[in-house]
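Asker: Residue strings, one per chain:
Protein chains: 2
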Amino acid sequence: MGKVKVDISTSLDGFITGPDDRPGQELGAGGEQLHEWVFGLASWRKPHGLEGGETGPDDDVIKEASTDIGAVVMGRRMFDLGERPWGDDPPFRVPVFVVTHRAKETLEKEGGTTFIFVTDGIESALDQAHKAAGDKNISVAGGAETVQQLVAAGLVNEIQLHVAPLFLGRGKRLFDQLGKEIELERIRVVDSPGVTHLKYSVVK
Amino acid sequence: MGKVKVDISTSLDGFITGPDDRPGQELGAGGEQLHEWVFGLASWRKPHGLEGGETGPDDDVIKEASTDIGAVVMGRRMFDLGERPWGDDPPFRVPVFVVTHRAKETLEKEGGTTFIFVTDGIESALDQAHKAAGDKNISVAGGAETVQQLVAAGLVNEIQLHVAPLFLGRGKRLFDQLGKEIELERIRVVDSPGVTHLKYSVVK
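Chains A and B, in that order, give the protein sequences.
Going by this note's numbering, the first sequence wraps up at 204, each residue one higher than the last.
Going by this note's numbering, the second sequence wraps up at 1204, each residue one higher than the last.
If you're looking for bench data, these hints aren't it; they were derived computationally from the structure.
Take the hints with a grain of salt, since some may be wrong.
What the hints assert, rightly or not - Calculated cross-link-like contacts (lysine-lysine; reagent style DSBU-like; alpha-carbon spacing at most 30 Å):
id : chain 1 : residue 1 : chain 2 : residue 2
1  : B       : K1063     : B       : K1109
2  : A       : K180      : B       : K1180
3  : B       : K1005     : B       : K1180
4  : A       : K199      : B       : K1063
5  : A       : K199      : B       : K1005
6  : A       : K5        : A       : K136
7  : B       : K1003     : B       : K1104
8  : B       : K1046     : B       : K1003
9  : A       : K63       : A       : K131
10 : B       : K1180     : A       : K199
11 : A       : K63       : A       : K3
12 : A       : K131      : A       : K104
Stated by the list, open to error - If you want the ones that stay clear, here's a sample from chain B, every Cβ over 12 Å from chain A, calculated:
id : residue
13 : K1003
14 : F1039
15 : P1047
16 : T1055
17 : E1108
18 : E1110
Just so we're clear, the structure is a prediction, and the values are computed from it rather than from any experiment.
We treat Cβ as the ideally placed atom computed from N, Cα and C, and that holds for glycine.
Could you put the whole structure together from the sequences, leaning on the hints where they help?
Answerer: Listed below in structure tokens is the structure:
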């Protein structure tokens, strides 16, 4: 069975979006600054259908994070906000299990991305993702509540935070209400002027 | 005029104490885990009147952070909780300006530490610290509200977070209500298995 991994960009004060995230401003006010480091990288551009881009340590981190991913889990709000900007050819290219209270028919997109809507809970979504992924890993894409619930339930194996050099001050926190202690083990740190990548495994 | 520096240990989810911080449990429940990395280091032990200790990259970080500090600023709650455990020979060894609403007479301790209680606001405390420190730097020791107020007011030059490998889940957050965006510039990252030191300057 593959590993369950979280890879997410945050500000130094722990926000993953700015305030007022909504259609047309999916990352919240100022939230795009958390992702500036990634847009120019070859390994980010390729699955987004863009050519070229930078290589180097940051790119290696993205390449590593996107290798051997067999399925994705995300929350409904992330899907609702993302569907339009991702377009007909979303960057996931694997089955994406969307945790939701509102049933919706499976959506098959171009390029290998299929959105499957799971209404019987987050653990069921993860089970289905494991079945779809086989030996490959599962990426938990977000949002904050989905990540938090899976981490609190002890169902995440690795967490990598990409820390952007700013305080956002307001918005949505990744770990707002975790409510319990969880021991981590540092895997490695990679840093560049635009971002610091902190990678940990969760100690069971 | 010296720089104003913040050096503080946090969990990966941004807490600097556990819940229920009180006399006898000054760091809150579980909060001592945020500081485990420091207790064995030579440069921490020396000002605490203890001999020996480890040297190496973590120790170099502490040595650097404690060099050329001419005064300290802290909040009243930190003083109230710390006074007893720090004892007659506190580790600061410079004037410490305590921001408070309740006047209190200056307290002269052994080893060079003097606590001066400032009732006319945090900026006045910082001014007095600058006068006492001359060309040397000022360390903002905590707690969270004091750090946050000074950062939000644009009065801090450097911030170093010592990130311990755990989620604390509850407690006091360092940057809970900053409320505004602040741009940072990475100075450097140092990491070891027990802690990751993220050092930034504040962009004015």
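Asker: For each hint, tell me whether it holds in the structure or not.
Answerer: Cross-check of the supplied hints:
1. B:K1063 - B:K1109: Holds, at roughly 23 Å.
2. A:K180 - B:K1180: 28 Å, holds
3. B:K1005 - B:K1180: 19 Å, holds
4. A:K199 - B:K1063: 26 Å, holds
5. A:K199 - B:K1005: 27 Å, holds
6. A:K5 - A:K136: 11 Å, holds
7. B:K1003 - B:K1104: Within the cut-off at roughly 27 Å; holds.
8. B:K1046 - B:K1003: 24 Å, holds
9. A:K63 - A:K131: 24 Å, holds
10. B:K1180 - A:K199: 27 Å, holds
11. A:K63 - A:K3: Status holds; Cα separation ~16 Å.
12. A:K131 - A:K104: 20 Å, holds
13. K1003: Given a closest Cβ separation of 18 Å, the condition holds.
14. F1039: The claim stands: F1039 (chain B) keeps its Cβ more than 12 Å from every Cβ of chain A (closest is about 18 Å).
15. P1047: Answer for P1047 (chain B): holds, closest chain A Cβ roughly 27 Å.
16. T1055: 20 Å, holds
17. E1108: Label holds. Min Cβ-Cβ 37 Å, cutoff 12 Å.
18. E1110: Correct as stated: the minimum Cβ-Cβ distance to chain A is 37 Å, above 12 Å.
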